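Participant: Start from the sequences, fold in the hints, and give me the full structure.
Heads up: the protein sequence lines correspond to chains A and B, in order. Its first residue numbered 1, the first sequence is counted upward by one per residue in this note's numbering. Its first residue numbered 112, the second sequence is counted upward by one per residue in this note's numbering.
For the record, the hints were derived by calculation from the structure and aren't laboratory data. If you're wondering where the values come from, they're calculated on a predicted model, not measured in any experiment. Heads up, some of the hints might be wrong.
[Claimed, not checked] Derived pair list, reagent style BS3-like, types lysine-lysine, alpha-carbon separation capped at 25 Å:
| hint | chain 1 | residue 1 | chain 2 | residue 2 |
| --- | --- | --- | --- | --- |
| 1 | B | Lys120 | A | Lys36 |
| 2 | A | Lys70 | B | Lys155 |
| 3 | A | Lys68 | A | Lys108 |
| 4 | B | Lys168 | A | Lys98 |
| 5 | A | Lys93 | B | Lys168 |
| 6 | A | Lys108 | A | Lys67 |
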Amino acid sequence: GEDVEQSLFLSVREGDSSVINCTYTDSSSTYLYWYKQEPGAGLQLLTYIFSNMDMKQDQRLTVLLNKKDKHLSLRIADTQTGDSAIYFCAETKGGGNKLTFGTGTQLKVEL
Amino acid sequence: NAGVTQTPKFRILKIGQSMTLQCTQDMNHNYMYWYRQDPGMGLKLIYYSVGAGITDKGEVPNGYNVSRSTTEDFPLRLELAAPSQTSVYFCASSYATDTQYFGPGTRLTVL
Numbered sequence: 001g002e003d004v005e006q007s008l009f010l011s012v013r014e015g016d017s018s019v020i021n022c023t024y025t026d027s028s029s030t031y032l033y034w035y036k037q038e039p040g041a042g043l044q045l046l047t048y049i050f051s052n053m054d055m056k057q058d059q060r061l062t063v064l065l066n067k068k069d070k071h072l073s074l075r076i077a078d079t080q081t082g083d084s085a086i087y088f089c090a091e092t093k094g095g096g097n098k099l100t101f102g103t104g105t106q107l108k109v110e111l
Numbered sequence: 112n113a114g115v116t117q118t119p120k121f122r123i124l125k126i127g128q129s130m131t132l133q134c135t136q137d138m139n140h141n142y143m144y145w146y147r148q149d150p151g152m153g154l155k156l157i158y159y160s161v162g163a164g165i166t167d168k169g170e171v172p173n174g175y176n177v178s179r180s181t182t183e184d185f186p187l188r189l190e191l192a193a194p195s196q197t198s199v200y201f202c203a204s205s206y207a208t209d210t211q212y213f214g215p216g217t218r219l220t221v222l
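Facilitator: So, in structure tokens, the structure goes:
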């Protein structure tokens, strides 16, 4: 497909794990990113993965990359209410500097 | 080190008015970008610059102009505001083809 695709909405209970999925478009993308956007704020870089890696772990965050299927996922362990936000995946299309963003997944964490 | 700053935070324009959205970064980044984010959507690239004096169009450049006279500043100009330009505008910067850092955004409404 032409667009970076994400599911629009995810709801989890506090303490559970969250998995946010993304399907990207360009197999030559060098880096793949996850950004977090809290209400009324700009985008905050959460983590990124280089295209020659399958997995990257950073504290509660785990990124999995399946290059064959062009599938990227972000797992948040022990999800907290402060994790409620919109999460965007992004790819560097053509391997250059321009980012192409997905539509974002709104994560809602319930008590 | 303030990172990427944007002014104003909010603005309401009438159709046909013009304005300049300001963006400044203090990280000595060569690359700067302007994105717009429409409700429920990801970010779309308007213009970008790879250094002072060099600008190029992104995905949605129509109705906008930019200039890059210094490394620090990358203003975005709207000449004849239209309702379709109602959006949240984000400026970002990066060292090269590297992680992009975002400003807090300018929320623009055109009535």
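Participant: For each hint, tell me whether it holds in the structure or not.
Facilitator: Structure-based check of each hint:
no.: 1; hint: B:Lys120 - A:Lys36; in the structure: holds, 19 Å
no.: 2; hint: A:Lys70 - B:Lys155; in the structure: holds, 21 Å
no.: 3; hint: A:Lys68 - A:Lys108; in the structure: violated, 30 Å
no.: 4; hint: B:Lys168 - A:Lys98; in the structure: holds, 11 Å
no.: 5; hint: A:Lys93 - B:Lys168; in the structure: holds, 15 Å
no.: 6; hint: A:Lys108 - A:Lys67; in the structure: violated, 28 Å
Checked against the numbered hints listed earlier, the structure breaks hints 3 and 6; every other hint is satisfied.
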